[in-house]
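For the record, in the sequence shown the residue sitting at position 138 is 136 according to this note's numbering, with numbers rising by one throughout.
The reader is advised that the hints may include incorrect statements.
What the hints assert, rightly or not - Listed next, the in silico BS3-like pairs over lysine-lysine satisfying Cα-Cα at most 27 Å (straight line):
id, residue 1, residue 2
1, Lys183, Lys42
2, Lys32, Lys42
3, Lys32, Lys183
4, Lys100, Lys42
5, Lys42, Lys25
6, Lys183, Lys100
Stated by the list, open to error - Beta-carbon label-pair distances, calculated as ranges:
id, residue 1, residue 2, range
7, Phe74, Ser146, 18 to 28 Å
8, Asn173, Cys66, 33 to 43 Å
9, Ile217, Pro18, 20 to 30 Å
10, Pro195, Pro130, 41 to 51 Å
11, Tyr34, Asn103, 14 to 24 Å
12, Leu53, Ser209, 27 to 37 Å
13, Ile211, Val139, 46 to 56 Å
14, Leu53, Gln92, 14 to 24 Å
15, Ala142, Ser209, 47 to 57 Å
16, Phe67, Pro130, 16 to 26 Å
17, Gln185, Met83, 21 to 31 Å
Note that these hints are calculated values from the structure, not bench results.
Ideal placement from N, C-alpha and C gives every residue a C-beta, glycine not left out.
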Amino acid sequence: MPVYAGSEEYANFSLLANYPTLMHYIKLLIFTPKFYTVFFNSIKMDGTILILQMLIAVPGAWAFSRFCFPGKNLIFAIYVILMLMPFQVTMLSQYLLLNGLKMLNTHAAIILPAAFSTMSVFLIYRGFASIPEELLDAARVDGAGEFSIFLRIGIPLGSTGILSAAILSFLECYNMIEQPLAFLKDQVLWPLSLYLPVIGGHFAGEGFAASVITLIPAILVFILGQDYLEKGIISSAMKG
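Modelling step: build the complete structure from the supplied sequences, incorporating the hints.
The following block contains the structure:
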């Protein structure tokens, strides 16, 4: 079956290999230092985005679920609308803002917009909203402050929503293509998601090896967090 890989490059492959070999993995892991560069770029960006998202989304979701303030419903409705907007709608405004901040062609151009993801706030909010108010009132009667309630009751009981949001956020950021392609010019800054499509037909073996290695972190995260992900999604659906 022919696979188009460029203007003049083709690669042929069959369903079953003619002979098993690990040579392409050796070439990729030993003789292709660029692979390690893009791999660590992905880990750096995804890890930073995940940490910042949780630091912003968890307190924000708790505030939406437990406090009353002017414009709360309007702000939350805006969050939901922004969550439904595809990147193509906000790409131009993000580009102009990042250009004004002199952040284009830096990892900050990818990290900063993703850190304020509205999807994480929405998922974590549903988990916090399921906590009985009577339990929080009992804690207040015992003398617990709002911050103590948030740390000792809110986060433990809302951990399912927090973990499900973290898993979905990691998988989304790990597979980002459009944002790095639009905001990163130098290939040395690219993540794995952009490295794989540019592998030419003459290096199809290394391309398949890179695809397999790229899948491993996403599969591990999904397997380890599958139960939390299912519980978080079910909880959000039941209380939506």
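Taking the hints in turn, this is what the structure says about them:
1. Lys183 with Lys42: 18 Å, holds
2. Lys32 with Lys42: 15 Å, holds
3. Lys32 with Lys183: Given pair Lys32, Lys183 holds - Cα atoms ~16 Å apart, limit 27 Å.
4. Lys100 with Lys42: 20 Å, holds
5. Lys42 with Lys25: 24 Å, holds
6. Lys183 with Lys100: At roughly 13 Å apart (the allowed maximum being 27 Å), Lys100 and Lys183 satisfy the hint.
7. Phe74 with Ser146: 18 to 28 Å: 25 Å, holds
8. Asn173 with Cys66: 33 to 43 Å: With Cβ atoms ~38 Å apart, the hint holds.
9. Ile217 with Pro18: 20 to 30 Å: With Cβ atoms ~22 Å apart, the hint holds.
10. Pro195 with Pro130: 41 to 51 Å: 49 Å, holds
11. Tyr34 with Asn103: 14 to 24 Å: 21 Å, holds
12. Leu53 with Ser209: 27 to 37 Å: Holds - the Cβ-Cβ distance for Leu53 and Ser209, about 32 Å, lies within 27 to 37 Å.
13. Ile211 with Val139: 46 to 56 Å: 55 Å, holds
14. Leu53 with Gln92: 14 to 24 Å: Holds, at about 21 Å.
15. Ala142 with Ser209: 47 to 57 Å: 51 Å, holds
16. Phe67 with Pro130: 16 to 26 Å: Given a distance of about 22 Å, which is inside 16 to 26 Å, the answer is holds.
17. Gln185 with Met83: 21 to 31 Å: 29 Å, holds
When each numbered hint is compared with the structure, no violation occurs for any of them.
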